[in-house]
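Below, each chain spelled out in residue letters.
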Amino acid sequence: MVKYAKDRRYLPTHEWVKLEGDEAIAGISDYAQDELSDVVYVELPEVGETFAKGEMFAVVESVKAASDVYMPMSGEILAVNEELEDSPQLVNEDPFGKGWFVRFRPAEPEQYEDLLDAEAYEKHCQEEKEEGG
Amino acid sequence: MSYIPTTDADRAAMLRVIGVESVEELFGDVPEALRYPQVKLPRQVSEPEALRELREISEYNVDLDHTPCFLGAGAYRHFVPSVVGHVIGRSEFYTAYTPYQPEISQGTLQIIFEYQSMICALTGMDAANASHYDGATALAEAAVMAVGASRGKRRKVVMSAGVHPEYRAVVRTYTQGAEMAVAGDQDGVSEVSTLAEMVDADTACVVVQNPDFFGHLESPPALRALADAVHAAGALLVVSADPIALGLFAPPGNYGADIVCGEGQALGGGLSFGGPYLGYFACVSKYLHKMAGRIVGQTVDRHGDRGFVLTLSAREQHIRREKASSNICSNEALMALAAAVYMTALGKSGLRRVAELCYHKAHYAATQLSALPGYELLSERPFFKEVSLRCPRPVTEINEYLLDEWGIVGGYDLEQDYPHMANTMLVCVTEMNSKEEIDLLVEALSNVEEEA
Chain A
1 MVKYAKDRRY LPTHEWVKLE GDEAIAGISD YAQDELSDVV YVELPEVGET FAKGEMFAVV
61 ESVKAASDVY MPMSGEILAV NEELEDSPQL VNEDPFGKGW FVRFRPAEPE QYEDLLDAEA
121 YEKHCQEEKE EGG
Chain B
1 MSYIPTTDAD RAAMLRVIGV ESVEELFGDV PEALRYPQVK LPRQVSEPEA LRELREISEY
61 NVDLDHTPCF LGAGAYRHFV PSVVGHVIGR SEFYTAYTPY QPEISQGTLQ IIFEYQSMIC
121 ALTGMDAANA SHYDGATALA EAAVMAVGAS RGKRRKVVMS AGVHPEYRAV VRTYTQGAEM
181 AVAGDQDGVS EVSTLAEMVD ADTACVVVQN PDFFGHLESP PALRALADAV HAAGALLVVS
241 ADPIALGLFA PPGNYGADIV CGEGQALGGG LSFGGPYLGY FACVSKYLHK MAGRIVGQTV
301 DRHGDRGFVL TLSAREQHIR REKASSNICS NEALMALAAA VYMTALGKSG LRRVAELCYH
361 KAHYAATQLS ALPGYELLSE RPFFKEVSLR CPRPVTEINE YLLDEWGIVG GYDLEQDYPH
421 MANTMLVCVT EMNSKEEIDL LVEALSNVEE EA
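Line order of the protein sequences matches chains A and B. Numbering follows my numbering, with no gaps: position 13 of the first sequence is 13. Numbering follows my numbering, with no gaps: position 437 of the second sequence is 437.
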């Protein structure tokens, strides 16, 4: 059963972002990891890099696909999940927790409001599934 | 029976979609005279007659079993032990196609894995791929990979003029339309120190060749300084290297290269009219996932026994599709096998011995040639098996004289790529050149002033 965590927001391209004070954490959704199947490698950015909202900041490789991962909000990377280097399966096991990708400082916190909430994102995923996407 | 699968109705439908009336109209842009040329073939001949004619034509060729050769410039004549031909001629290898199915391809996969391991040992890199078409395309892939490693943010390739001119041309062909810039080699002169100054925030990589096209060896400390400067600016150092030289000199991994590639023909491949050749390619582990081409990995099967598979396939074009940085999904498996057998037959000490023979013979030749009146070495810099020699006359004239009067294939005319290097011949000497051949060349060149 695919989960849709309610304490964060989403991009239609299946990234999530969760605010923590004036910082934010991002990763990919449970739906995304389920579609990808076994994740074998995650390429993460360098700390200190800045990205605009929608810009590709990471690549996730599974046994059947390689997918670009996009920034849900503009910001500067503060930390990356170094555990993914040796344990990429964390993305499958705990996509909303231990499988996080990056911690960043949002440049425009108001961008959060434009993102999909859990309910809207779940609806989006169901539509995508029905379209065979 | 016709082997053309389309019917008149098919063709009419296709023409309708394109919006032309007829096939003639479709090819209307081709000049009339070229459109349906008359092919005037002679009357048919029997097989023995055809073979006799072809043999007569082939006898016009100069072959290197009977002709001393001092031509190198990227394609080298080295001794190929008989075992190489015996192994690559086995039908299991000779006819094998893509080893996608590990169940039936263990032999091919294992040999590629061993080839990769030996390339890593030779270059000082962490990972090698299963090979590219040739040294030029391997270098172009390295340039593209460096841009990919910056996630496309850096798009400039700074390339030394000492990189093989044909490789530089291929890099430009390969990257055209990809919004990449190639710089650094325009005036035909690049020093390692000035290359570092050209690196800016848009530079993805610096490309050097060592030994360079003129035969010069760059010192490891100078290359280390370049690597440090390149890395400090956030770019990668790409080194194109003659693998035979790596049998004797420091592997580029020792002085900070991120990607090492080059032409592997010298490793057990013949000159063979220019192909098939072998592009070897290796990198440090940090950029493994950016590497193009196939990679074979070692694993264990469900019984715990050692086995080999194509691995990290998600990088590749057949899975990554439009997001892949390279469309290379193939490799030169047979030539990689030849290289693996060659390196295995020679071993570490044998490869070093080949390199030493090249080095000493080339230095003997250089000493003799530069002592001739009218001749001098282009520079006093250290060199490996090729040396640039200033001659008293244009190289094309000298080469014609050498071949016609002495039966010698002369060196490469550097002026054709470097206009400021008039009358400069790149002389190549390998372990295959005997002292007698070198002395004959010296004698021949000593007669050039009067005769040519």
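Keep in mind that the hints were calculated from the coordinates and are not lab data. Among the hints, erroneous ones may be present.
What the hints assert, rightly or not - Label pairs and their computed distance ranges (CB to CB):
(1) 53/B x 63/A: 53 to 61 Å
(2) 132/A x 58/B: 31 to 39 Å
(3) 114/A x 219/B: 28 to 36 Å
To be verified - Below, in silico cross-link-like pairs of lysine to any residue (SDA-like), each with a Cα-Cα straight-line distance of 20 Å or less:
(4) 153/B x 129/A
(5) 286/B x 97/A
(6) 286/B x 87/A
(7) 153/B x 56/A
(8) 64/A x 153/B
Ideal placement from N, C-alpha and C gives every residue a C-beta, glycine not left out.
Results for each hint:
1. 53/B x 63/A: 53 to 61 Å: Cβ of residue 53/B to Cβ of residue 63/A: about 57 Å, so the range 53 to 61 Å holds.
2. 132/A x 58/B: 31 to 39 Å: Roughly 60 Å apart at Cβ, these two residues miss the hinted range, so it is violated.
3. 114/A x 219/B: 28 to 36 Å: violated (57 Å)
4. 153/B x 129/A: violated (34 Å)
5. 286/B x 97/A: With Cα atoms ~26 Å apart, residue 286/B and residue 97/A exceed 20 Å; violated.
6. 286/B x 87/A: Holds - the C-alpha atoms of residue 87/A and residue 286/B are around 16 Å apart, at most 20 Å.
7. 153/B x 56/A: Judged against 20 Å, a Cα distance of about 11 Å means the pair holds.
8. 64/A x 153/B: Violated, at about 27 Å.
Violation of the numbered hints given earlier is confined to hints 2, 3, 4, 5 and 8; the remaining hints are satisfied by the structure.
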